[in-house]
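Asks: Listed here are the chains, written in short residue letters.
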Amino acid sequence: MEYIYKILFAVILILGVGYFAKNVKKLVRNIKLGQDVDVSDNKSQRWKNMSMIALGQSKIVRRPISGVLHVIVYIGFIIINIEVLEIIIDGLVGTHRVGLKFLPTSVYGFLIGTFEILACLVFVSVIIFWIRRNIIKLARFWKSEMTSWPKNDGNFILYFEMVLMTLFLVMNATDVHFQTLNSGNIISQFISPWFSGLSEGTLHIIERGAWWIHIVGILTFLNYLYYSKHLHILLAFPNTYYGKLEPKGQINNLEAVTKEVQMMMDPNIDPFAAPAEEAGEEEIPAKFGASDVQDLNWVQLLNAYTCTECGRCTSECPANQTGKKLSPRKVMMDTRDRLEEVGKNIDANNGEFKDDGKQLLDDYITKEELWACTSCNACVEACPVSIDPLSIILEMRRYLVMEQSAAPVELNNMMTNIENNGAPWPYNQMDRLNWKNE
Amino acid sequence: MSELLKVPTMAEFMAQGKQPEVLFWVGCAGSFDDRAKKITKAFVKLLNKANVEFAVLGTEESCTGDPAKRAGNEFLFQMQAVTNIEVLNAYEVKKIVTACPHCFNTIKNEYPELGGKYEVMHHTQFLKTLLDERRLAIEGGKFKGKRITFHDPCYLGRANNVYEAPRQLIQKLEAELVEMKNCKRNGLCCGAGGAQMFKDAEKGDKEINVERTEQALNIKPEIIAAGCPFCNTMMTDGVKAKEKEADVEVMDIAELIANAQDL
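Heads up: the protein sequence lines correspond to chains A and B, in order. Here the first sequence stands for residues 1 to 438, numbered as in full-length UniProt numbering. Here the second sequence stands for residues 1 to 263, numbered as in full-length UniProt numbering.
Calculated directly from the structure, the hints in this document are not laboratory data. Beta carbons are placed, not taken as given, at the ideal position from N, Cα and C, and that holds for glycine.
BS3-like, lysine-lysine: derived pairs with alpha carbons at most 27 Å apart:
| id | chain 1 | residue 1 | chain 2 | residue 2 |
| --- | --- | --- | --- | --- |
| 1 | A | K325 | A | K137 |
| 2 | B | K6 | A | K436 |
| 3 | B | K206 | A | K367 |
| 4 | B | K203 | A | K325 |
| 5 | A | K59 | B | K181 |
| 6 | A | K436 | B | K94 |
| 7 | B | K38 | A | K436 |
| 8 | A | K367 | A | K287 |
| 9 | A | K259 | B | K117 |
| 10 | B | K95 | A | K436 |
| 11 | B | K203 | A | K143 |
| 12 | B | K146 | B | K242 |
| 13 | A | K244 | B | K117 |
| 14 | A | K436 | B | K37 |
Each pair of labels, with its calculated beta carbon distance range:
| id | chain 1 | residue 1 | chain 2 | residue 2 | range |
| --- | --- | --- | --- | --- | --- |
| 15 | B | K6 | A | P238 | 54 to 64 Å |
| 16 | A | E352 | B | P112 | 34 to 44 Å |
| 17 | B | E243 | A | I78 | 49 to 59 Å |
Start from the sequences, fold in the hints, and give me the full structure.
Replies: Dropping the structure here:
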């Protein structure tokens, strides 16, 4: 009988981890659909950013209430997962609480006691999170992009965590042997009396039940990640590593444009010369700017998968605050949704993307949203995991202007003025110093 | 007064075979916008007072390309950048000061890759240095004890992490520096950045400059200090929209310091 459980456990474990690995492969494939970008510089600063921002949670705590609650859940999540190690060994080997075999009862008790306290704190924090979302209805969780799946996704994650923490505590509370040890049952000793009328056999069934549902739940949650905004628990680390290092105000200079401008400005270049041999090695890109996800770079796509839709960016956005359609969070969500759609398209067409007549621009992100941005960097500053929605907005504006000449009329006037007079207004460049004598 | 302004050009310096200490990049707003021209003049008065050997490009200056780049026109931006860099490099410019955070950000961050490498300072940083080097004395004068709040320009603050220089200057005026709820890295945009200055806003329920002005008015300042000609315009319009022109003035830091000394 015993070995059936072991085999069952191994099968569940392999299926759970295997399916997740398959999706991670897909995730990496999708991210690599983006354009190449060199982020191999400044490794020490990048490691520092990752350890401060992701590992050290330095930006999340800027909003103290949600920040502290998040740190509790984060620490709880990491530390309680040590317990999963024991569960996996027990499941595969058929032991029960294998930790007790290797560790003195007091040390084991200390560990489990810590887990229990954290589980309890996580449970409370998650309840507060749920209240903030559903009872207090914080504005950023009720914006127009937060309906249907995104809204449910947020709550499902909280329910998952509530159930997993409960199962962990019930599992300990109904473990008669563990309770008699009276070491580490710091929280579960108060839950154990709830089951006091039950026979030892029934308790054992409940304990086993909780144990099995707990591990199956964890594996389910692991696989839920790929379909959820909750991927940030993994991707926050690479995302903060690859995050922007330059001053926030610095926007990249398009290299392809630099080449063209150099050609235009260089008096030594013969404009009638046949395209030289070098044309082969440095091809002019198919288009300037981005109209679809494949035009963005892979860090921007990683950004999209990392976004956990907390909405701090949107709540800081001046355009959004004043009722415009632009929401930096929606820009990230749209990018991810479109990327997923493109990924599925590729899966369905034997690894080749088949034109589906759709794109990120217009079908997901409208011009009205793009033109409402003031490039103020409030969204970038607000993001706790170094996501840069502004870079996507600007890349799409580049497409609108350089490929489609679709800038608003007033901006076209401004640009014509710069071209003709060297100023955004229709003043003569020769009058630039007139102020001196006025 | 204005006839006393000494505003030499780079060409004049070159003709004498000299190099100025710093190039003052006036910017389009500072050159053409009536309100911003006052800021330009105030800053020049301070430079004159501190005996700074500076020069301007004058008619050889052209838009940095910032609004074009933020609007998505990378071609126009780079054309502007390359042309400007050619002029600046021909004059062997090493150090640039500007009263416009947009010019500041563009020249400082986006020109180096295109061949324009200079030390670039915002005028508040430059004034702070003059103060530290005792080349300029700052007195409170009529601003002594006044409630002044500083509106952080996005392209100075968040974009380049310059928060302290303008504040230290205000404090030197012996004024009462009061902070808005959203300040420094959390400062709200005035609504002009990203080329918005040159177009109407998208449909919404409020103008951004009015929202920001309300945040400022909440703490009842007598003066809203700015460090950007565009913020200045937006906040001035905001104050007008709230019909508070009689109670609140919008002034650039350079104007505060110059006016305090009756320059």
